[in-house]
Each structure stands twice: as C-alpha cells, then as structure tokens.
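Colleague: Chain by chain, the residues run as shown.
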Amino acid sequence: MDFIGANILSVSQFERGDIDRIFTVADTMVPYARREKVTRVLEGAILGNMFLEPSTRTRVSFGCAFNLLGGTVRETVGVSASAMAKGESLYDTARVLSGYSDVICMRHPQAGSVAEFAAASRVPVVNGGDGANEHPTQALLDLYTIRKELEGKGGSLDNFRIAMIGDLKYGRTVHSLCKLLCLFKNVQLVFVSPEELAMPPVVIEKLREAGHQVTVSDQLEQSIKAVDIVYSTRIQEERFESQEEADRYRGRFRLNRDIFTRHAEPNTVIMHPLPRDSRAEANELDPDLNEHPSLAIFRQTDNGLLVRMALFAMLLGVEDKVDQYARPITWQTRRNQI
Amino acid sequence: MDFIGANILSVSQFERGDIDRIFTVADTMVPYARREKVTRVLEGAILGNMFLEPSTRTRVSFGCAFNLLGGTVRETVGVSASAMAKGESLYDTARVLSGYSDVICMRHPQAGSVAEFAAASRVPVVNGGDGANEHPTQALLDLYTIRKELEGKGGSLDNFRIAMIGDLKYGRTVHSLCKLLCLFKNVQLVFVSPEELAMPPVVIEKLREAGHQVTVSDQLEQSIKAVDIVYSTRIQEERFESQEEADRYRGRFRLNRDIFTRHAEPNTVIMHPLPRDSRAEANELDPDLNEHPSLAIFRQTDNGLLVRMALFAMLLGVEDKVDQYARPITWQTRRNQI
Amino acid sequence: MDFIGANILSVSQFERGDIDRIFTVADTMVPYARREKVTRVLEGAILGNMFLEPSTRTRVSFGCAFNLLGGTVRETVGVSASAMAKGESLYDTARVLSGYSDVICMRHPQAGSVAEFAAASRVPVVNGGDGANEHPTQALLDLYTIRKELEGKGGSLDNFRIAMIGDLKYGRTVHSLCKLLCLFKNVQLVFVSPEELAMPPVVIEKLREAGHQVTVSDQLEQSIKAVDIVYSTRIQEERFESQEEADRYRGRFRLNRDIFTRHAEPNTVIMHPLPRDSRAEANELDPDLNEHPSLAIFRQTDNGLLVRMALFAMLLGVEDKVDQYARPITWQTRRNQI
Chain W
1 MDFIGANILS
11 VSQFERGDID
21 RIFTVADTMV
31 PYARREKVTR
41 VLEGAILGNM
51 FLEPSTRTRV
61 SFGCAFNLLG
71 GTVRETVGVS
81 ASAMAKGESL
91 YDTARVLSGY
101 SDVICMRHPQ
111 AGSVAEFAAA
121 SRVPVVNGGD
131 GANEHPTQAL
141 LDLYTIRKEL
151 EGKGGSLDNF
161 RIAMIGDLKY
171 GRTVHSLCKL
181 LCLFKNVQLV
191 FVSPEELAMP
201 PVVIEKLREA
211 GHQVTVSDQL
221 EQSIKAVDIV
231 YSTRIQEERF
241 ESQEEADRYR
251 GRFRLNRDIF
261 TRHAEPNTVI
271 MHPLPRDSRA
281 EANELDPDLN
291 EHPSLAIFRQ
301 TDNGLLVRMA
311 LFAMLLGVED
321 KVDQYARPIT
331 WQTRRNQI
Chain Y
1 MDFIGANILS
11 VSQFERGDID
21 RIFTVADTMV
31 PYARREKVTR
41 VLEGAILGNM
51 FLEPSTRTRV
61 SFGCAFNLLG
71 GTVRETVGVS
81 ASAMAKGESL
91 YDTARVLSGY
101 SDVICMRHPQ
111 AGSVAEFAAA
121 SRVPVVNGGD
131 GANEHPTQAL
141 LDLYTIRKEL
151 EGKGGSLDNF
161 RIAMIGDLKY
171 GRTVHSLCKL
181 LCLFKNVQLV
191 FVSPEELAMP
201 PVVIEKLREA
211 GHQVTVSDQL
221 EQSIKAVDIV
231 YSTRIQEERF
241 ESQEEADRYR
251 GRFRLNRDIF
261 TRHAEPNTVI
271 MHPLPRDSRA
281 EANELDPDLN
291 EHPSLAIFRQ
301 TDNGLLVRMA
311 LFAMLLGVED
321 KVDQYARPIT
331 WQTRRNQI
Chain E
1 MDFIGANILS
11 VSQFERGDID
21 RIFTVADTMV
31 PYARREKVTR
41 VLEGAILGNM
51 FLEPSTRTRV
61 SFGCAFNLLG
71 GTVRETVGVS
81 ASAMAKGESL
91 YDTARVLSGY
101 SDVICMRHPQ
111 AGSVAEFAAA
121 SRVPVVNGGD
131 GANEHPTQAL
141 LDLYTIRKEL
151 EGKGGSLDNF
161 RIAMIGDLKY
171 GRTVHSLCKL
181 LCLFKNVQLV
191 FVSPEELAMP
201 PVVIEKLREA
211 GHQVTVSDQL
221 EQSIKAVDIV
231 YSTRIQEERF
241 ESQEEADRYR
251 GRFRLNRDIF
261 TRHAEPNTVI
271 MHPLPRDSRA
281 EANELDPDLN
291 EHPSLAIFRQ
301 TDNGLLVRMA
311 LFAMLLGVED
321 KVDQYARPIT
331 WQTRRNQI
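Chains as they are written, first to last, in this note's numbering: chain W, 1 to 338; chain Y, 1 to 338; chain E, 1 to 338.
Isolated chain W (complex conformation) (with noise of 0.2 Å):
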C-alpha cells in the first residue's frame, strides 16, 4: 500500500510486504526511542490525539510517538469534552478537527466509528480502537515483538509456535493478531481457553487456510511445553453465566513462575496486550514472573513506540529523513533499558 497520507484503519489493510515495510522502520527508530539521539523531522506537524474512551497507556504512547518526531500534540480526552454530546455528527467533527491537525489518532467506543470519521477527514487517521472492531497498532507492536523476540534466538516469523490463553472469544488482540499471522507460514498455534470463550471458529478456519496448525485445548499446562510464544489474556469474570462457573475456571488459565519454569522451555517468551488485572482474584499473569527474562510484557509496550513512530513517518512520508534532522541529545539520562 501507498503509506503517503494513507488512513489506518484495519489489519486487513496490510499485505505481507506494507508489515515488512513498517517493521524495517521501526527498527531505525531505536536509538530515537533510547534517546541516544533526538530528532525534528516533524517539527512544526501537530497530531490531534482524540481519545473519546478512557486510555492511558496507548493515548500516552501515540503522542510521546509524535513527539520523538519532533511534532506537536493536541489532545482531546472524553466524549463529553466534545460537541459531539450536542449531536455533532462524525463527519461535522472530522470535517472540522482535519483542518488543524496534520494527521488524528482517534480512539472511539462504537465499532466502525473511526473510519466512519476517517471518511470526513482531510488528514491521515489513525485507529487507536474502536470498541470491539479493531485496534491495528496493537496487532502491529504484538506482532514485531514476536518477530524482535524470535530473531533474537535465530527464528523467524515464518516458522513457530504460539499459544494464545484466556478470553478468545472476545478479545480484540488476538483476533487482530490471527489475522496478521495468515500473512505468514508455518505457525503453529495453540489456542487455550474456557469453553464458553473459544476462539471463534471463522478465525480458525482462515488460519488453516493459510497452512498454519490449530490445536485447542483446555490445559494451560500441557499447551505451553513447547512453544515459543506464550501470549496470555485476561478473563472478564462477567463473561461467564455463573458465579460457580467462574470459580470453576478461576486459576485455571493464570500462569505463575512455579507453572511457568516447571512445564515451558527455558527460552519460551511470555505476552500480555495489558493492562493486566493485578487483584489476587484475577491475575491471570502472576506478579512473581515481573522480574523473569522471558516476561516480554513491557518490551511489548516499549515496541509499540517504535511501531507508532513508523507509522507517523511513512503516513507523512519522512522516515527516510529522520536522521537527517538528527542531533545528539543535551541531557543525561539513567534510563534502565528493559
């Protein structure tokens, strides 16, 4: 795809070659990301970050992206904030809101919502999710962490195994996630989960058209003795139909370092999409892994600067003049590389 002012709206939109592409970007924004140098190739672009659903994490992300660019945030936080409580239709927002900014991250809880908007605007936007539908940077920073993650130990993305825990019926990421994985070969996948909250069958299917092999299983621990990737999800309790059903299930998809270093291989690497739910009743990922080498969550989270970093770059066409606008920084910093 032409990336020059182009909307992101859906993994769907992406070929294998456009994921190739934003990767080989990304990886040229470390060192910006380090703040081992810093640059202003977009020194005076201003990005209107309109998030009209609560988010910290990715709200944040997006515009720290921007501004290791050089560029100029506005924020928006929370749809009573905005006209459009009065009946401001989308298209009246976007129409309006395209004319300061030169490219909007929108986040938004009705599904559809963000291209409805994208379709009125005059400037490139961003999905930063619309409820259930899509949330494609998340997919994107899951998928080249997995990528960082597999060359570090020689693999690749064309070849491995990955097993997906928790609510896959629902949940956004890992559907995304599914369908960017079709675009490569010969993944093996593992899919655990409670009955009630498998993964959705058309998901599978298109999974199997694409070469890769499915196993489903009810067993946390037979499902992570040999793969790569362990990618875990958390599990809405409201999901289930029962008080008794949840208790049933309760513990039975939370991974611990006990769990962890008795049945995974050593090197295995362990995801989360975040937040995770830290309460004792929940914790699907247990807090005595945060200090485990092979806990992969906040590499994940520093990835998706990177990610968001290239996406601004190609949608604006500069990420071959980032260096260019380089200059050494002027501050000292003791950051702790994760």
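Worth flagging that the hints you see were computed from the coordinates, not collected in a lab. Treat each hint with caution, since some may be false.
Unchecked claim - Only pairs whose alpha carbons sit at most 20 Å apart, straight line, appear in this in silico EDC-like list of lysine to aspartate or glutamate:
| hint | chain 1 | residue 1 | chain 2 | residue 2 |
| --- | --- | --- | --- | --- |
| 1 | W | K321 | E | E43 |
| 2 | E | K169 | E | D277 |
| 3 | E | K321 | Y | E43 |
Claimed, not checked - Label-pair ranges, simulated between beta-carbon atoms:
| hint | chain 1 | residue 1 | chain 2 | residue 2 | range |
| --- | --- | --- | --- | --- | --- |
| 4 | Y | D323 | W | I4 | 22 to 32 Å |
| 5 | Y | R239 | W | T28 | 53 to 63 Å |
| 6 | Y | R239 | W | D323 | 33 to 43 Å |
| 7 | W | P109 | Y | E244 | 28 to 38 Å |
| 8 | Y | D323 | W | K185 | 48 to 58 Å |
All C-beta atoms, glycine included, are put in the ideal place defined by N, C-alpha and C.
Since the structure of chain W is provided, determine the placement of chains Y and E on it from the hints.
Modeller: This is chains Y and E only, laid out in the frame that chain W set:
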C-alpha cells in the same frame, strides 16, 4: 487599539481599523495554516489554554493556532479540575496562572468571569466564550469569512445582504456579529426566526443607527431569495413553551439542498457557527448540503485558525516577524483544502 | 545527594548542601521565567505529568517549568482516565509509562503511592503530592521564598522568626516546611492554631532538637508582633467537632489589613501555600491585603516555577548547559512582575 499586551474580551473594543488590521494579518497566516511552511516565531512562548467549560472545536483551534506559530500550550479542562472548586477566587487563579504563561485563553460558563480574570492577570487574556455574554473570536472569524467569500465574487463588507436564521434571541454569535457589522456600511439584514426567538429590538436599533436596512420575517424561503449570505443557527427546542409550539415550528427554519436550490441565488453562501445538530429531528442545516460548494461552514472553522493566529501574533507583537522565522516543511501532506 | 537520575519523593532526603545547590540553580532560572530569554536545553525530552488527583496550579507549574527548559509534556489527569481503574498495578503502570518519557511527575491521592510507583519506574520520578504524606516541591518553594524575602532585607535562613497559623495538625505543607527548617540554625517559631488543630508534638520536638525556639499560642495578634514571616494556612471547618466549636474559632485566625497594620512590623512577609478560601465565611487571608507589598503569596507561586525548573535541570544533568542553549526571545511582553 494597541494590540501588544492587550486583552481581547469583547467585540465592542474594536474600531473598524482594528478589524482591518486583524484581517490583514490573518491573510498572511494562510501559508502556515495550509502547511506550505512552518514558523518558529513564538518558540518558547506558552499559551495557558483554560477551558472551564467543555469545548473541543474552540479549544483545539486556539491551541493549534498557537502551535502553528511555534508556541507551546498548557491546557486546563473542566472546572472540577481546578482549585476554584475549593473556593479559590478568580483573582488568585489569575495572579498565579499568569505567572506561568505568556498569554491566556479562557472559556468560563459565567458571563463577566473572563473580564474579572483578565483584570487580575499579568499577561494578555483572550475571551474564549463567557456564558451568554461574548465569544469575540467567533464573531471575528464569521466576519472574516463573510469578507473573504464576498471578495471572492468582487463584493465587500460595505455593501452586502445577509439573512440570519434561527434563534436570534439567545444566539450569542448573531448578536456579536451584528455589533461588528455596525462598523461597516450599507448592509441589508433579514432576521428570520420564530416570534419567540426574535432578534432583540436594541440590536435592530443599533443596526439602523449605523445606516443598515433591517427586515424581520418568519418565512425562510422568501428571506433567502436575494441575499449574499445565509447565516443559520441552531434552535434549541427547550426554548419553546410547549411541545406543540415546538412542533409548529419544527422544520420551518430548516435549510436543505432542495429549498436552497429553488429559492436562493446560485452563489449565495451558507454559514453556521457550529455545532449544528445533525439529529433528524433537529437538523437546521441538512447534511444533503454537505458537499455543496456554497456551504462555507468548514471554511469558517479553517478561517478561525487564521484569525486566532493573527490575534496571538499581534498581542505578542510578532506579526511582522512570522516569515523571518519560517522554514520549509519537512513532511509530505495530502491535505484536501476545502 | 546525586541528583542525576534521582527520585524526589520526600523532603527528608535532602541535606543542607542539597538545598543550597537547588536554590543556587533556581536563581539561575530567573531570566527564563521572566522571559528575558528562552532555552532549548531539554528539547526532545518528555515529561510525563501524571495527576491522578485534580490540581491546576501544581500541574501547570510543573508542565510550564519543563516547557521553559525547552522540553515537551504529555499529561494524564484523573484516575478514571487510567487503566488503574481496571485493576492495573502501580508497578505495571510505572514500567509502561516510564518507557515513554524521560522524567515523570506524579500526584496520587494515596500516601506512599508515588514512592511505590518510583520503585518500578525506569526514569526519575518527582512527587507532586501523595495524599496527606508529602509534597516536597511545595516545601522547597516555601523555603526558597523565605530565603529570598529574608535576603531582600539582609537576613538569612539561619536566623529568623516565623509564625505559622491555622490548621497545623493536618497541614501537609507546614510539616514538610518544619522538617526542612531543621537543617538550618536559630529559627524562632510560633505556632498559632485552635487547640484541636495544634502542631503535633513530634514536629515540635524535632525542631527543638535542632536548636530552634518554639512557642505555642492561640492568639493571632500577639503572635505576629515580632516575626519576619507569617505563614497562614487554611482551616477546614469540617475539622471541628461541632458547628458551635467552629463558630467559636471563626475569624480568630483570619488575617486582614487592619490587624496586620496594627500588630506586625512593617516589613513582615505574609505567605500562604494556596489555595486560600476567598469565600466570606472562610477567608483566612483577607482580599484587602491583595495589593499589600508584604503579601508574598504570588511570589511564592512564581518561585515554584524556578524551583521546579532547577529540579528538572538537575535530575537530567543540564543545569550547567541551560545558558549554552539560550536565545533571545522573539516576542514582546508586557508581563507585570509582582
């Protein structure tokens, strides 16, 4: 008036020469708003953007206008987020916050509050709307738009015809616009509204004193027959005494493509202060006009950026230096100019 | 202490030499805060300004301090806007967000939370107030103001007299200030409060151990007779057991121009941590003192900017480079210095 260090609180403070100067400066801002180049003229300056009442459009427009001049914005949204909720006076808030920034834009729900704030502020204050009272930059951008649209067809502010439609009794924008029109010559005005929402006699008197010709009507179709500008505004149903009353008027002041095509001269311009209510039961300006070249409502908001940039530049005395600090833009943009 | 990369969590972490260094750096920030010049020393650096509890003054002060050094600010306001509401731990939030920014300022409603956050953060954290616990930059700006005001009349922090008035039991600011005063010599303190709101004995003990002279009183007029500084604080009526109790004290600790003129020495300085309650039934510091030259409350907030700029510069190791990246300002300003 002397703009450097001045407050912008009311349209009443302007003489005709002031308006001309603002518009002349606004014209010079076009290449920056269109991203043909960027400027650093206000690099290091801080705008305190204080919106103690919700607003997306106006807040973002002020913020972007300052950013486009190279300045930085610190924002406060919502009164609960403020110490004022604990009984702090506007005086104290103004003394403190004006020590942090170089210029302040304030929206406040109470009439007169922005002037009270400005009296205590140590830096210039721009009124971003104080309740039912004033919203001077909206009036300026409306007038600037009228001028630009008229000039496009060889006309000028000293000789034109305008119909104002909708809630003319409570509409803050039409009152301010009428005040400004008193500075010009030979304007023919038609006020179209339900009787309960008629333009206040005092406004009509002032216009006649200025030598303008005023007609009052409650017939939309007749009134738009021979005008250069149709300025539509929103009618809030709760203004009517009963539902029957509201139903009686429902639709009588709605402009759509059919009515416009059948009754108005072809190059009549349609304006609206926004937001317009796009819900079917309300829409005073039908979405079927969205792509009509006469619809100037998004040119209005684009012009708002220019007018606000001009004011900031003049209050800080840099209107002649903007180009001196200009540079070519580094990114590619596929911005669709309206 | 070594400031580079350090957290600023409590006034207890400072030795006298640290205070001296901070104040020396703060002095060098004056020309930037007064807009006599601007600096780009932190261009490219990002402050994560996280206010999980409402605050305008402190939030904007931190943000502007960072901007005045040339840095960029990404802001989060309100806990509901955060994943923490969904059960995310402070550990996770800190790991993630510290991957985005170069330094974080956090206000949190719960005592100890900022320290917990800082322990997991990968970048320096400044405590912007954690419930009833600490607000170290407020104590620093108070002390810096006292020093500056005393020096203005030939005095110093090692030999002065101060009356603290109001709620001395729950007042976070007076406790922190007293801790800092223990680092200096020969301070005479008078604590003036209703009995129920007296200064805790442990604070008084510490002051006496440091060699200071402490007097306790419930008579405002007597207590301000022979002091250099009057530090007034707010009394919240809900602290009293009954309305009668509150009524009995109502007004006994209010300072106004008449009382001040009749009882205090002419060059006594009046301070207050703000916000002060300006409602008639509460005003501990009467508005009739607003234009009095002794009133230093807005010099305090101006000084807050200097102290915060100093801390940011020191945490990032650029305090010696600020001037190297300086430039003359481009705009005209009619800022009225207080």
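Colleague: List, from low to high, the hint numbers that the structure doesn't satisfy.
Modeller: 6
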